[in-house]
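Guided by the hints, dock chain B onto chain A, whose structure is given.
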Amino acid sequence: MPNSSSNSQPANTGSETASTSYVAYPEMSAEQEYFLYELETTDSGSMGLVLRAIYDTGDVQKFARALQQRISHYDKNIQKVCSFHYQSFVDAMQELMSLKEQCQMIKKDSLSIDEEVQEASERLCQKKQEIVRYRKLMKNAKTAMDQISVCLPVLENYAKLQEQMNNRKYYQALKVLEELEHTHLALVEKYRFTQVLAKSMAPVRLEIKEKAYSEFKDFLENIKKVAGRIGKHASKCTAEQHSFGVTDADRAKRLQEEARKNASSVEIEVSADGSIVKKQMSPKKQYSQETTEDDEQLSAQDLIDFTPVHRCCQIFNVLGAKEEFEKYYRQQREDQSNLVIEPVQKMNSFKHYVEYLDEIVGFFVVEDHILLTESSLANPAYKDKLWENALQKIRQTLDARFGGCPDVEMMLRMKKVILLFILTMKSYGYTVAPLYELLQNFRDQYNEILVKEYCAQFERDLERDNYTPISVNSEEEFRTVIKQFPFYKRSMEQEGFPRRFAFSKFVISAYTQSKQYLIGCLKFMDNLQLNNSAVDDTVRRCANVLLGRWAGILKSFVHKRISLIQLVQITINLGYLEKSCESLGTFITSKTSGEEAIGTTSHQVVLSERVFRDARSEVEQQIDECIQSKVDEIIELSNYDWELPASSGQASDFISDLINFLQTTFTSFTNLPSGLAKHVCTQTCKHISQTLMDLLLSSDTKCISTGALDQFSLDVMQCEMFTSRCPVAGVDPLTLSMTFADLRQLLDLVMSADWTTFNAEYGKDHAKYIRVKASTAIVVLEKMIEFERKSTGFFGITKGDRKKLLDTIVRQLKNLEIQ
Amino acid sequence: MAKTYDYLFKLLLIGDSGVGKTCVLFRFSDDSFNNSFISTIGIDFKIRTIELDGKKIKLQIWDTAGQERFRTITTAYYRGAMGIILVYDITNERMLRKMLKRMIIGNKCDIEERREVSRERGEQLAIEYGTKFMETSAKANLNVDDAFFTLARDIKNKMEINEMRSGGTNSNSGRVNVNGAGQKKSFFSNWSCNLL
Numbered sequence: 000m001p002n003s004s005s006n007s008q009p010a011n012t013g014s015e016t017a018s019t020s021y022v023a024y025p026e027m028s029a030e031q032e033y034f035l036y037e038l039e040t041t042d043s044g045s046m047g048l049v050l051r052a053i054y055d056t057g058d059v060q061k062f063a064r065a066l067q068q069r070i071s072h073y074d075k076n077i078q079k080v081c082s083f084h085y086q087s088f089v090d091a092m093q094e095l096m097s098l099k100e101q102c103q104m105i106k107k108d109s110l111s112i113d114e115e116v117q118e119a120s121e122r123l124c125q126k127k128q129e130i131v132r133y134r135k136l137m138k139n140a141k142t143a144m145d146q147i148s149v150c151l152p153v154l155e156n157y158a159k160l161q162e163q164m165n166n167r168k169y170y171q172a173l174k175v176l177e178e179l180e181h182t183h184l185a186l187v188e189k190y191r192f193t194q195v196l197a198k199s200m201a202p203v204r205l206e207i208k209e210k211a212y213s214e215f216k217d218f219l220e221n222i223k224k225v226a227g228r229i230g231k232h233a234s235k236c237t238a239e240q241h242s243f244g245v246t247d248a249d250r251a252k253r254l255q256e257e258a259r260k261n262a263s264s265v266e267i268e269v270s271a272d273g274s275i276v277k278k279q280m281s282p283k284k285q286y287s288q289e290t291t292e293d294d295e296q297l298s299a300q301d302l303i304d305f306t307p308v309h310r311c312c313q314i315f316n317v318l319g320a321k322e323e324f325e326k327y328y329r330q331q332r333e334d335q336s337n338l339v340i341e342p343v344q345k346m347n348s349f350k351h352y353v354e355y356l357d358e359i360v361g362f363f364v365v366e367d368h369i370l371l372t373e374s375s376l377a378n379p380a381y382k383d384k385l386w387e388n389a390l391q392k393i394r395q396t397l398d399a400r401f402g403g404c405p406d407v408e409m410m411l412r413m414k415k416v417i418l419l420f421i422l423t424m425k426s427y428g429y430t431v432a433p434l435y436e437l438l439q440n441f442r443d444q445y446n447e448i449l450v451k452e453y454c455a456q457f458e459r460d461l462e463r464d465n466y467t468p469i470s471v472n473s474e475e476e477f478r479t480v481i482k483q484f485p486f487y488k489r490s491m492e493q494e495g496f497p498r499r500f501a502f503s504k505f506v507i508s509a510y511t512q513s514k515q516y517l518i519g520c521l522k523f524m525d526n527l528q529l530n531n532s533a534v535d536d537t538v539r540r541c542a543n544v545l546l547g548r549w550a551g552i553l554k555s556f557v558h559k560r561i562s563l564i565q566l567v568q569i570t571i572n573l574g575y576l577e578k579s580c581e582s583l584g585t586f587i588t589s590k591t592s593g594e595e596a597i598g599t600t601s602h603q604v605v606l607s608e609r610v611f612r613d614a615r616s617e618v619e620q621q622i623d624e625c626i627q628s629k630v631d632e633i634i635e636l637s638n639y640d641w642e643l644p645a646s647s648g649q650a651s652d653f654i655s656d657l658i659n660f661l662q663t664t665f666t667s668f669t670n671l672p673s674g675l676a677k678h679v680c681t682q683t684c685k686h687i688s689q690t691l692m693d694l695l696l697s698s699d700t701k702c703i704s705t706g707a708l709d710q711f712s713l714d715v716m717q718c719e720m721f722t723s724r725c726p727v728a729g730v731d732p733l734t735l736s737m738t739f740a741d742l743r744q745l746l747d748l749v750m751s752a753d754w755t756t757f758n759a760e761y762g763k764d765h766a767k768y769i770r771v772k773a774s775t776a777i778v779v780l781e782k783m784i785e786f787e788r789k790s791t792g793f794f795g796i797t798k799g800d801r802k803k804l805l806d807t808i809v810r811q812l813k814n815l816e817i818q
Numbered sequence: 000m001a002k003t004y005d006y007l008f009k010l011l012l013i014g015d016s017g018v019g020k021t022c023v024l025f026r027f028s029d030d031s032f033n034n035s036f037i038s039t040i041g042i043d044f045k046i047r048t049i050e051l052d053g054k055k056i057k058l059q060i061w062d063t064a065g066q067e068r069f070r071t072i073t074t075a076y077y078r079g080a081m082g083i084i085l086v087y088d089i090t091n092e093r094m095l096r097k098m099l100k101r102m103i104i105g106n107k108c109d110i111e112e113r114r115e116v117s118r119e120r121g122e123q124l125a126i127e128y129g130t131k132f133m134e135t136s137a138k139a140n141l142n143v144d145d146a147f148f149t150l151a152r153d154i155k156n157k158m159e160i161n162e163m164r165s166g167g168t169n170s171n172s173g174r175v176n177v178n179g180a181g182q183k184k185s186f187f188s189n190w191s192c193n194l195l
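If you're matching them up, the sequences are chains A and B in order.
The first sequence runs 0 to 818 under numbering that gives the first Met the number 0.
The second sequence runs 0 to 195 under numbering that gives the first Met the number 0.
If we strip away everything but chain A, and leave its shape as in the complex, we get:
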């Protein structure tokens, strides 16, 4: 403690230095004080400086003592503070101890609470987790339900689709499919089953399309089957509408029947004993008729179910392949059309043609119907194309088949069928103009056939005629003839039997034939819808054609070697045929215009009576030639002996025969028209004269004796006598005699040797031998000189003068000839 004492001192001082508040120690200087202060307040850094400063002053003892004092000072202060606070420290400690106890209690409590809480929250957690799980479950279930509700319609529709497919309701199926794909399936694409479904549905459209096509094909086949019936029916309707193939009689009958039906089925009849009897009509028969009629009233729509077409249209519409179907349809129909218009190989009967045309009608009726109901399928242009095609083919077919048809009946029936076809097609609005042309061809051909037929008949009649005027032995026969050919002289009615007509039976048959021919021509024009005057003109033209041909036939017929009897009868017949032309005209008018128009003569075409005129003159020519050839034949037998010493004194045999023959002929042919007879007689005489002249002048005869000349003259005389006997009534004997004048003058000249007169008068108007030409005279004279020369030479006698004379005459004649 010494230090402490010793230190207390310093300490005192120190405390004094350390704090001003503290008691300053008197030994301690201010300088120490300062240093301590500086040390206490400054920071450690400046301690160095302070320390230096202490050391600089050199009084380090002093300062260590100051410092000692200061330290002791502080110690004393510390002791004081501690003693002062000791009690409170103990109190504090005591309080801390109780706090510690309380804290431990609290800790214990909280631990138990914690435990309790831990326990409770664990259950909660479990519940919570359960809740979460169920919540999740519920959500899933809901989602699933939603999805299933979306999927269900798909399945339902799919089932429906399958069912409809099975029931062949393709259109509905297609609709369902559409809905399925666009509405339902789009929503549930992700599922595997829908993918499978989608996959299985893909070919359905194709199937439907195929089915539709096949159904359509069935339909096409169907219509093909019934086309004929439809056509037949359509034709029938047209026929009824146009009263076709129904004669007036039939029509009247039908009207009557209807009237009877309407009135009552009781018919009143006068029975044999005169009482009136009611007759019950049997109604059964009528009913049965009606039923059959009803059967026939079926129309195209009834015969064909058109729904497949419409269905196909709808289906393809939905499929979006409308155009494809249209194309297909047209192609198919076109094929069908080609098939229909292609004629069957062996169309040899009329029935086949009717069927052929009916099929075509049927086809186009169906087409028309389809066009009306399904305008998108068949447009007019397409239809027209088909029709044109068909038209062409029909024309070709019919032209080809009937080009050489020789059967008039067939032609007539075909005409009716074609006409019916035309009318039917027209009523369906098809253009039929070309068919009328076809018909026109038919008509021309028909007429040609008719003309040929009747020409052949005419020729047969010509061949077979007996060329004998018709003779009737009773009034009845007379009436029969004039009924067939109403041309005769009224005076005939007063004649006794047998009465003779001038014409032969050929005239009657020709007249009848011409009427039949005209009726034939008219028949073809039935229902052609020509007006009366057109028909009339056409028939007249036809008539002229026939008459012209007949005239031609006659002309060539008379050129065959036929007898005089035939020729004569033909001229007479021709006269009557000419007369009958007028009657034919009336006949035509009565047929074409009906009774009331008879008498009006405003026809454009006139029946030309002239047609026979040529033929007639031809026949007359032939008559001339026929007689002349007979004359020639007889004259050929003449067998003149030109060196006959003296004439026999009588005419040659041949000339008697000739004259007899002519005489007989002219007296026998009492029916030869007198004009013609005169003409023929004159021509014949001229011919005889010419032939005899030729005989005399013939260069074959070199010499002629006087005797032969006498004989010849004698023969000519026979002819002259014949002419003067007036062999034909009404002929002027003078004119006839003139036919032999040439010959007679020549003979006279030569026989009388009157050369002087001949020379003197030659060329003068009133010359005696005016008809003798010098040249012919020379020929005969030279022949006579030749004979004289031969005979005198033979007998060795020369007559010089005679020869000179003759030479002079010849010279003179030659001069005359030159003049």
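For the record, the hints were derived by calculation from the structure and aren't laboratory data.
Because the structure is a prediction, the values reported are computed rather than measured.
Watch out, some of these pointers could steer you wrong.
Negatives, chain B to chain A, calculated, CB over 12 Å [said to hold, decoys possible]: (1) Asp29; (2) Gly41; (3) Asp52; (4) Lys57; (5) Arg68; (6) Gly79; (7) Arg120; (8) Gln123; (9) Glu162; (10) Met163.
On the chain A side, residues computed to face chain B include the following (Cβ under 8 Å) [claimed, not checked]: (11) Asp464; (12) Asn465; (13) Ser628; (14) Glu632; (15) Thr666; (16) Ser667; (17) Phe668.
Heads up, the beta-carbon is just placed ideally off N, CA and C, and yes, glycines get one too.
Relative to chain A, chain B alone:
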């Protein structure tokens, strides 16, 4: 002028209407046949040249109308005829009888089935009249040529005998008359030759 024939024989066909004279003649002259019956008016003739023993003979055959109304005309021709052929129809007895009345025989017949006149009857008649007999058919061309040739030969023979007797200078002066009964159509010709 050179003669175109050696002999000219004028023959006459007679017989009732419709027995077929014209047909026989047509068969002989033109070798043709026409079925249709056209009765001859007045008289007609045909000429055919035949050759017999190297001689050219012209046969001028006169065909008469059989109808009663031409009788006067046709009988005028009998005189100049050198041979006459009587034609009858074998199918028609009436025609034969008619001919008998006129002292000439002729018959015509058509087909064997319709025969009414037997061949024997025809022959007998020919013997009665001293003529030759033949059955002919113009249609079937049976014996027609034969008939004419036989007649022509007989006339020629008689004529030549005549010529020799009279010194044989002029053939035309010898008058030969022959009655020929020829038969027509189908199968029957009756024919006689008689020198007067």
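Against the structure, the hints come out as follows:
Its beta-carbon lying about 8 Å from the closest one in chain A, Asp29 (chain B) breaks the requirement of being farther than 12 Å from that chain. The claim that Gly41 (chain B) lies off the interface is violated: its Cβ sits roughly 3 Å from the closest Cβ of chain A, which falls inside the 12 Å cut-off. Non-interface status of Asp52 (chain B) relative to chain A is upheld: no Cβ of that chain comes within 12 Å, the nearest being about 20 Å off. The Cβ of Lys57 (chain B) does not lie farther than 12 Å from every Cβ of chain A; its closest approach is about 7 Å, which violates its non-interface assignment.
The claim that Arg68 (chain B) lies off the interface is violated: its Cβ sits roughly 9 Å from the closest Cβ of chain A, which falls inside the 12 Å cut-off. In this structure Gly79 (chain B) is not separated from chain A by more than 12 Å, as the shortest Cβ-Cβ distance comes to only about 7 Å. Remark: the non-interface label on Arg120 (chain B) is consistent with the geometry, its nearest Cβ contact in chain A lying 30 Å away (cut-off 12 Å). The beta carbon of Gln123 (chain B) is kept farther than 12 Å from every beta carbon of chain A, the shortest such distance being approximately 34 Å.
Every beta carbon of chain A lies more than 12 Å from that of Glu162 (chain B), the smallest distance being close to 17 Å; the non-interface claim holds. Remark: the non-interface label on Met163 (chain B) is consistent with the geometry, its nearest Cβ contact in chain A lying 22 Å away (cut-off 12 Å). With its C-beta approaching chain B no nearer than about 7 Å, Asp464 (chain A) sits inside the 8 Å limit, and its interface hint holds. Annotation: Asn465 (chain A) was flagged as interfacial toward chain B, and the flag holds, the nearest CB pair being 5 Å apart, inside 8 Å.
Interface hint status for Ser628 (chain A): violated, as the beta-carbon distance to the closest one in chain B is roughly 11 Å, over 8 Å. Among the interface hints, the one on Glu632 (chain A) holds; its C-beta lies about 5 Å from the nearest C-beta in chain B, closer than the 8 Å criterion. Restraint check, Thr666 (chain A) versus chain B: the minimum CB separation of about 7 Å is within 8 Å; hint holds. Interface hint status for Ser667 (chain A): upheld, as the beta-carbon distance to the closest one in chain B is roughly 3 Å, under 8 Å.
Interface restraint check: Phe668 (chain A) against chain B, minimum CB-CB distance 6 Å, threshold 8 Å, status holds.
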